[in-house]
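Engineer: Keeping the supplied structure of chain A fixed, place chain B with the ligands upon it in accordance with the hints.
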Amino acid sequence: MKILVCVKQVPDSWAEKKLSPEKVLDRASADAVLNDLDEYAVEEALRIVEANGGVEAGHTITLLSMGPERAQEALRKGLSMGADAALHITDDALAGSDALTTSRVLAEAIKRENPDLILTGTESTDARMSVIPAMLSERLELPHLSFAGVVVVDVNAKIVKTKRMTDEGVEAMESRMPVIVTVIEKINEPRYPSFKGIMAAKKKPITELALADLGIAASEVGNGGAWSEVKDFALAPARGAGVKIADEGNGGSALVDFLAEKRLI
Amino acid sequence: MSEILVFIDHRNGSVAKTASELLTLARSLGEVHAIIAGTSSDLDAAVPAINKFGAQAITLLESDEINNHPSSAIARAIAEMAQSLSSKAILLPSTARGKEIAGRLAVRLESGIITDAINVSSELIATQSIFGGSTVVHSQVSKGIAIITIRPNSIEASESSASATINKVPISVSISAQITSREPAVRGARPELSEANVIVSGGRGTDGNFAPIEELADALGAAVGASRAATDAGWYPHSHQVGQTGKTVSPQLYIACGISGAIQHRAGMQTSKTIVVVNKDPEAPIFDIADFGVIGDLFSVAPQATAGIKARKG
Ligand SMILES: Cc1cc2nc3c(=O)[nH]c(=O)nc-3n(C[C@H](O)[C@H](O)[C@H](O)COP(=O)(O)OP(=O)(O)OC[C@H]3O[C@@H](n4cnc5c(N)ncnc54)[C@H](O)[C@@H]3O)c2cc1C
Ligand SMILES: Nc1ncnc2c1ncn2[C@@H]1O[C@H](COP(=O)(O)O)[C@@H](O)[C@H]1O
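These protein sequence lines are chains A and B, in that order. Position 72 of the first sequence, counted from 1, bears residue number 304 in this note's numbering, the numbering being contiguous throughout. Position 75 of the second sequence, counted from 1, bears residue number 70 in this note's numbering, the numbering being contiguous throughout.
Chain A on its own, in the form it takes in the complex:
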């Protein structure tokens, strides 16, 4: 079984983010890390392989990322967790790409690889659109099992079963492979790379692909190919510091008085 995991490098979610004067995310102002939510997808891929006879059974995990040169660091992190190889789509023309372009580029790369199972996170913590997996499903005409809190793969029957966890409740879902599965953050606890894992990752192959390798023209992508445009932006007025009191036995009553004064009760 061939598993492909889509991972993105994003600014650390602990950092305050801002837009640059060019109206794009200022990526230089924060450390770049592997999207936390994609770590769950990498971990789940490792567990699926372990539950199905391990690498000895011929299962492989390939990471796929589209991003600038430095996105290799995020790929190395995933490789040090235990993935086998990585594909890195990088091309200067891709700077400033939006979701439509990203999904197109990723879809072309996925077609080339022809995996049995594609895993993704629920959202990239920078743009927070949560649309790439559904877009991939539409482009590749593959079924999409979203919000998976449990994934069970039956390699022989080529069937994937998931538990979909949303506000509506829990739904047991089933699909034939190949299929795209999006995992939620409650699915597992991602492992920390071991020292051995980090050393081994240095020797694992990262294959670079440019747009031309995917048969996409540079003029169709990037900022020039954008389908939506930022007109302007402004910093929201900072919230004025309000009243802060210490509870000396009547904190709860003071809180009620505040709500009453604001006509909130």
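Among these hints, one or two may not hold up.
Here are the simulated lysine-lysine pairs, PhoX-like style, with alpha carbons at most 20 Å apart [unchecked claim]:
#1 A:LYS494 / B:LYS275
#2 A:LYS343 / A:LYS395
#3 A:LYS393 / A:LYS418
#4 B:LYS138 / A:LYS494
#5 A:LYS463 / A:LYS255
#6 B:LYS138 / A:LYS255
#7 B:LYS83 / B:LYS138
#8 A:LYS494 / B:LYS308
#9 A:LYS428 / A:LYS395
#10 A:LYS463 / A:LYS390
#11 A:LYS463 / B:LYS138
#12 A:LYS234 / A:LYS418
#13 B:LYS83 / A:LYS476
#14 A:LYS476 / B:LYS268
In short, the hints are calculated from the structure, not lab data.
Structural biologist: Quick look at chain B with the ligands alone, frame taken from chain A:
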């Protein structure tokens, strides 16, 4: 005037509050055409609620299997409608399902997509509040039909009654991925988190005891929220998580109890109109965004507030 398509979310024909918000917004942009997916009985139940907010037309995408969430089948049908009606925009709620359909529509229609807008002007310029509310952005779809998802609770709904023409379009659901069984969420009497006007949230400071949070919420008719520390510990369901990887909420009043205010939590609640905080630690960063903060133990402050609210209500 060209049509604005509005995707209506509902549960067994009971339409979500977001529908009234989306319809109100759509009225200011053009002629409103509501789209609902489900059965004829869902439609019958939903029509009065939709008419209250002034739709000119309602189309039912009819399927008995609609609960099998065939977002691809719905997207295909909406895309065909948008093309044949040459609509200028499609509005959907910024919910998990709304975004799934929106993403598919963008691919099908080769159109730009804007998610999580809090408003849209008559020129179809969308306003977004990003990075946890620290930045306000104006953007516009530059190619194709504008596909825009609207964050719940950002538009104030206003009624304008109409009597819409009704069409039914059968859709077929592909069976490539299917639901084999379902355990619906138990729905209590409390309002839905993303739709609530008032939210009381608890964090690690509750130490697993959400009783004072729930009691305060019930006194206020509020929804209950939780920080990730609380949902990770299993104290409260994930569906109640507020923040980066939970819900983004924007209620009139947000009361955070025993929550430190990590950046990922603030990202989901910073645009609340009024923020009230109860925390033992005077240095907790959540105080920086509080309109009213009490430095104190939530186990004494919250019950006293609950009692005070009940006393006022008499
Ligand atoms: C990618 C990513 C995504 C994340 N997404 C989210 C998200 O969606 N939502 C989210 O909430 N977090 C999210 N987090 C986690 C976030 O970083 C914090 O760890 C989390 O919000 C902390 O929860 P907390 O405030 O309840 O706990 P803590 O930070 O431990 O704070 C507990 C607070 O309770 C106070 N306290 C303790 N006892 C009492 C008492 N008796 N009375 C009053 N106050 C008391 C303490 O003073 C302290 O300030 C995310 C993190 C990452 C990396
Ligand atoms: N540039 C990218 N390269 C690889 N995978 C991506 C990229 N962007 C998004 N993804 C995947 O799609 C998921 C959802 O991202 P998004 O729709 O951007 O919120 C992420 O969790 C990743 O698994």
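Engineer: Please go over all the hints and tell whether each is borne out by the structure.
Structural biologist: Going down the list of hints, with the structure as the test:
| no. | hint | in the structure |
| --- | --- | --- |
| 1 | A:LYS494 / B:LYS275 | violated, 24 Å |
| 2 | A:LYS343 / A:LYS395 | violated, 26 Å |
| 3 | A:LYS393 / A:LYS418 | holds, 17 Å |
| 4 | B:LYS138 / A:LYS494 | violated, 44 Å |
| 5 | A:LYS463 / A:LYS255 | holds, 8 Å |
| 6 | B:LYS138 / A:LYS255 | holds, 19 Å |
| 7 | B:LYS83 / B:LYS138 | holds, 11 Å |
| 8 | A:LYS494 / B:LYS308 | holds, 16 Å |
| 9 | A:LYS428 / A:LYS395 | violated, 33 Å |
| 10 | A:LYS463 / A:LYS390 | violated, 47 Å |
| 11 | A:LYS463 / B:LYS138 | holds, 14 Å |
| 12 | A:LYS234 / A:LYS418 | violated, 24 Å |
| 13 | B:LYS83 / A:LYS476 | violated, 48 Å |
| 14 | A:LYS476 / B:LYS268 | holds, 17 Å |
Comparing the model with each numbered hint stated earlier shows that hints 1, 2, 4, 9, 10, 12 and 13 do not hold.
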